[in-house]
Each structure stands twice: as C-alpha cells, then as structure tokens.
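Trainee: Residue-level listing of the chains:
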Amino acid sequence: MRKLLHFCFFIFFLLPLSAHAVITMELTRGVAGAIPITISPFAVTGNEPTQDVSAIIGTDLQNSGRFKLVSSNGNNTVTGKIKSVGDDRYQVSFQMFDAYKGKDTAVLGRTYTISGNQLRAVSHHISDLIYEQITGVRGVFSTKLAYVVVQRGVGEMARYILEVADQDGYNPRPLLNSSEPIMSPSWSPNGKQIAYVSFENKQAAIYLEDVATGGRRLLSQFPGINNAPAWSPDGRKLALVLSKSGSPNIYIMDLGSRALKQITHDYYINTEPDWSPDGRSLLFTSNRGGGVQIYQVNLASGAVSRVSYDGDYNARGSYTSDGNHIAMIHRSSGVYNIAILDLDTGTTRVLSGKAVDSASPSVAPNNSMILYDTLSGGRSVLGMVSSDGRVQLILPARNGEAQDPAWSPYLG
Amino acid sequence: MQLKKWIQTILISGSVLALTACTTHRNTDQTDVAGANSAYGADGAQSSGAGDETRFGDQANGNRSGRVYYFAYDSNVVNDSDKPAIGANADYLVAHPHAKVMLEGNTDPRGSREYNIGLGERRAQAVAEILAQKGVNPKQIRIVSYGAEKLASAGRTESDYQKDRRVVLVYLQR
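Same order as they appear, the protein sequences are chains P and B.
Take 1 as the starting number for the first sequence in my numbering and just add one per residue.
Take 1 as the starting number for the second sequence in my numbering and just add one per residue.
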C-alpha cells in the first residue's frame, strides 16, 4: 500500500513538471550566500518554442546551489529573444548585464541558430557561459550522467538498465537493458565510450560501449572477477580488477594491444583503481592493513603508500582534477558517508552528512559537485553534494532505483 | 613485556601468513577453473539473461537441501551448522563427476560496491574450499561474486542485511 502511495506521489508531483525527465533534481539545501540573478523570460517572436529556454537556464543556475533566482534586483540580469526562423528552427540570443557596467553594456551575449531538438542543449550552454562569467569556473550543465537503474519486479526477477542522461536528468537513454546486474560505469576521457561490468553471461565481464551508436566490444572475461574499470587520462589504458590469480588484484590493460600488466601481487582484496590526473599513479582500495583503506601505487616504481588514515573504512577513492583532493566513501559511527580528503592537510571532511548510507562518489569535471548514490525513503536515489558540503540535491529516478553513477567529462 | 608482545605478534603473523599461503595455494591453480568456465560458453555479447534456475526459495527436503549459506557481517567464515549440508552436496558431486555447481557469493549493500564484490568472492571461495576438502574436483565448481548487486531483500534493516550475506549453491548440471 505504501509503495502504491509513493508511486502515485511521484506521478502526481512530477508529471506536470518533467514530462521527459525520468530523473528529477530536488534542491534540498542551497548556499546561504547564493549570488542573486534575474533571468527574464525570453521574448518570443513567431512559433512558440517547445522548450522554455529561460526556465531551463534558471533551473540550471539555481540547482548549482550557487545562484538565487530573484526578480529585478539591479545586479546580474539575463534577457533574451527567441525567433522562429523556419521549419522547427530558432534563433536564440541572450545578453547578460551586471550592476557595474549598467544596463547599456552587456558583459556577455551570444546568438545561436538551432533546430527545435537543440533547445535544451543551447539552454545548458548558455547556463555554462553565465556560470563561468560570474564564478570564473567552467560550468558542467552540458555534461552527462551515467548510472544504473534497478527495477525490482515481482517474484525476485529484477531488471538492470545502464542509462545516460543530461546532467539535469532529462533525455535518459538506455545503453544496456539486462536481467543480470550491471555495475561500475566509467567514461572515457573524450566522453565517447563507457566501460562497465555486465553479468549477462552469468559471470563478470567488462564491456566498452560507444555512447552514440551503442556498439560495444567485450574487453575482459577471465575466470573470476573482471571489475572496476577505470580509464587512464590519455584514454589508452584501462585499469581493472581481475581475480584470476586467486584473489582480486589490480591490472592495467593496454587498449590497443590488450596486453595486461599486473600491478598488485598479493592475496588481499585490491580493487577500485583510480588514475591520478598525471597518469603516473593509481589510487586503490585494499584490506592489506587490516581495515579497508585507500592506497596509492606509483606505476613506475611499484611503490605502494597508504593515503587514508581516518577511521577504519575508507574506499572508492577518486581524485579531483587538480590532484589535491580525494572523494571517497568514509565510514564513521557505522554510517557510510561521502567524504573529501584534503591531501595537503590530511583532513577528512564528511559531505553527505546524513544518517543513511551513501556510496559510489563521482566528481564533476569542474570539481564543484560530487555525484553519488544514497537512500531516500528506503529507495536508492542519486545525490549531489557540493565539494564544500553546503549544497545538496537528490535525484530520484521515476522508473526504478538509481545507483552507481558516473559523471561524464566535459563534452564537445 | 614489550619484547614478549613483539614475539607474540611475529609468531601470530607468521602463522597467519603460513595459513594464508596454504589456503591460497589451491586457489592459484586456475587451469581447472578455466576448464569449468569454458563448459558454459556464453552466448556472445547478448544482454538477456538465459534460463531460470531454482534459487533462494528452494527449501526442499533431503540432504542436499539448504543450498543457501549465511555469513556474519564482514566475515567469510562458514557456519559449523552449514557444514553437514555442504558436505552432503560434496558427496553428491563426488558420486556424480559430471555434475557441476555454481557458488554465488553475496554481501549486504553497505559500503563500496566493488569491495563487496571482493567480499562475496571470499565467501564463495570458503564454501568451495570445503567442497574441495571433501574430494570434489575443482572442475565441477564455478564461482561468481555478485557482491551487493543481487540483494535477497529490498529492505534496509539488520535482518534484511542478514538475508543478503549469503552464498547460494546452484546446480548447473546434475
């Protein structure tokens, strides 16, 4: 009965707002000092466009947690025009004004001529430009999210779907639909391929799939574990975990030659490799020290050093792009949280800060946010938290439980 | 007193290392496992799951029943109470050399997904170890770890987690 009510709530609440979104973002905590900005509805000439460009921009900026939408305030103001110029084609132009230069001089402005199915994309692009203009940081509104949806049917049979959606949850597209588990999606550095683990053959196997075409190839299916694929920064290698030696060890596969190099050589559980931005070392999770901790291995020398020291369970480490911080799963007081480790100071800060368990952290390419999975109302949902912990969003999926997400690199 | 503790530590570590070496020796012989795997030839890169096998609900009577073995939190130690049931399956496998089993290792959903894959495999290996000790040919045993990806229970309480931490023994061929 409760499930039925829950389902009805979703349909009632979300349907009018998000006809095409299967994942919706809900801002649960915004920044107190958010920057006020006014987005005036764009003036439309000719046919009404099928997407509300100014509303998409407003939602993008608001959901970043760094902006507060206000009516005219004399500060940052964005105005725009949309003119239909042919069969489902539009000319979209915008201008941004700030308090210093006043109303006569735009600090930012562009014009685009696009087709109707590019309206959301151009809106996100405008959001990126505005975000970067004001904060100095490149926006991620045009990036994508990969994640796994699990549909638990009646009588034990579940369905697993690997999906890719826009960063705001719109336009989800299935890359794989399976009756067996899918896990650990990993984007190639150019955003064109995703590596993932599929159990469709009743054993773990790593596939590479082309995001645009859906074409894929089987990369690794040794006896035992074939898991945790991680692309090197130059896109030429894949770090992965194989247990063909008897227990899980880290390997690197050259994608051209398929040659394997073994990196760890012991009988512990070694997993979750993550490349440093300079490609010279890997982070990995291991229980070699008794608890579960994050280590680093220098690929040239093979030297291993421990990275995490706070608490007895730290896993799934991944670098920010500047190499100065590591996002990870950190257990404290029995709860698994998303935390960030500052490599300069050695301090660990918990970001997700709830009483429910979270996992699978993935850092946005501009380091502003961390995407992860968590529980809400007993269901697995995606969450986002800013790297300073102040902004929080949840992204529940309408078609099932969402888990194991991966943030794409900058695209295009 | 300090010295005595050091000696104790060294002796214990030494014996743990020796035990580890003993138990993993068997696992490093992968040729038999490869043989077992090749018998199941995957249908290429298809995404649909093949057939159905009797899984968790199978509580039939008989010595070979009890094909789900549960584990304590963060542990891969097989319960003594499960050993007779595992032994009965071992006897069957020894008597039927063409029979094959799959041991599916699972964990509860807390913590890292990929680390849980490692834990699940440890649990399945612990059951495989008992079968092998009773004379089962490794070629008859196949192992897969699902980690936390095939939860037995949708709930998120301690009692749900207890149901998740399991190894499922499935007959692929009798």
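Quick caveat, the hints were computed from the structure, so don't treat them as lab data.
One or more of the hints may lead you astray.
To be verified - Derived SDA-like pairs: lysine to any residue, alpha-carbon spacing no greater than 20 Å straight-line: (1) P/K202 with B/A99; (2) P/K244 with B/K139; (3) B/K163 with P/K354; (4) P/K202 with B/Q173; (5) P/K202 with B/V170; (6) B/K163 with B/N76; (7) P/K354 with B/K100; (8) P/K202 with B/K100; (9) B/K139 with P/K354; (10) P/K354 with B/R110; (11) P/K244 with B/A132; (12) P/K354 with B/T157; (13) P/K202 with B/L172; (14) P/K202 with B/R156; (15) P/K202 with B/E158; (16) B/K163 with P/R152; (17) B/K163 with B/R174; (18) P/K81 with P/A106; (19) P/K202 with B/K139; (20) P/K244 with B/M102; (21) P/K354 with B/R174.
Said to hold, decoys possible - Label pairs and their in silico Cβ distance ranges: (22) P/D322 with B/D80: 50 to 56 Å; (23) P/G346 with B/Q162: 58 to 64 Å; (24) B/G155 with P/G353: 22 to 28 Å; (25) B/A72 with P/P36: 53 to 59 Å; (26) P/N177 with B/D74: 29 to 35 Å; (27) B/D74 with P/T213: 41 to 47 Å; (28) B/P84 with P/G256: 50 to 56 Å.
Stated by the list, open to error - Residues from chain B shown here face chain P by an in silico Cβ test under 7 Å; the list is partial: (29) Y115; (30) G118; (31) A126.
Ideal Cβ placement from N, Cα and C applies to all residues, glycine included.
Trainee: Are B/K163 and P/K354 close enough, with their CA atoms no more than 20 Å apart?
Mentor: violated, 25 Å
Trainee: Is the hinted pair P/K354 and B/K100 satisfied, with a Cα-Cα distance of at most 20 Å?
Mentor: Given pair P/K354, B/K100 is violated - Cα atoms ~45 Å apart, limit 20 Å.
Trainee: Against chain P, is B/G118 within 7 Å by beta-carbon distance?
Mentor: This interface hint holds because 4 Å falls under the 7 Å limit.
Trainee: Are the Cα atoms of P/K202 and B/K100 separated by 20 Å or less?
Mentor: holds, 14 Å
Trainee: Given the hint that P/K202 pairs with B/E158, test it: the Cα-Cα distance must not exceed 20 Å.
Mentor: violated, 28 Å
Trainee: Taking 20 Å as the top limit, are the C-alpha atoms of B/K139 and P/K354 close enough?
Mentor: Not satisfied, since the Cα-Cα distance of roughly 47 Å exceeds 20 Å.
Trainee: Is 41 to 47 Å a correct range for the gap between the Cβ atoms of B/D74 and P/T213?
Mentor: About 43 Å separates the Cβ atoms of B/D74 and P/T213, which means 41 to 47 Å holds.
Trainee: Can the restraint linking P/K202 and B/K139 be considered satisfied, given a maximum Cα separation of 20 Å?
Mentor: At roughly 17 Å apart (the allowed maximum being 20 Å), B/K139 and P/K202 satisfy the hint.
Trainee: Holds or violated: B/K163 and B/N76, Cα atoms, limit 20 Å.
Mentor: holds, 15 Å
Trainee: With a cut-off of 20 Å on the C-alpha distance, tell me whether P/K354 and B/R110 pass.
Mentor: holds, 14 Å
Trainee: Is 58 to 64 Å respected by the C-beta to C-beta distance linking P/G346 and B/Q162?
Mentor: Distance hint for P/G346, B/Q162 is violated at roughly 37 Å.
Trainee: Does the Cβ-Cβ separation between P/N177 and B/D74 fall within 29 to 35 Å?
Mentor: Check passed, 33 Å falls within 29 to 35 Å.
Going down the numbered hints, you'll see the structure goes against 3, 7, 9, 14, 15, 17, 21, 23 and 31, while the others check out.
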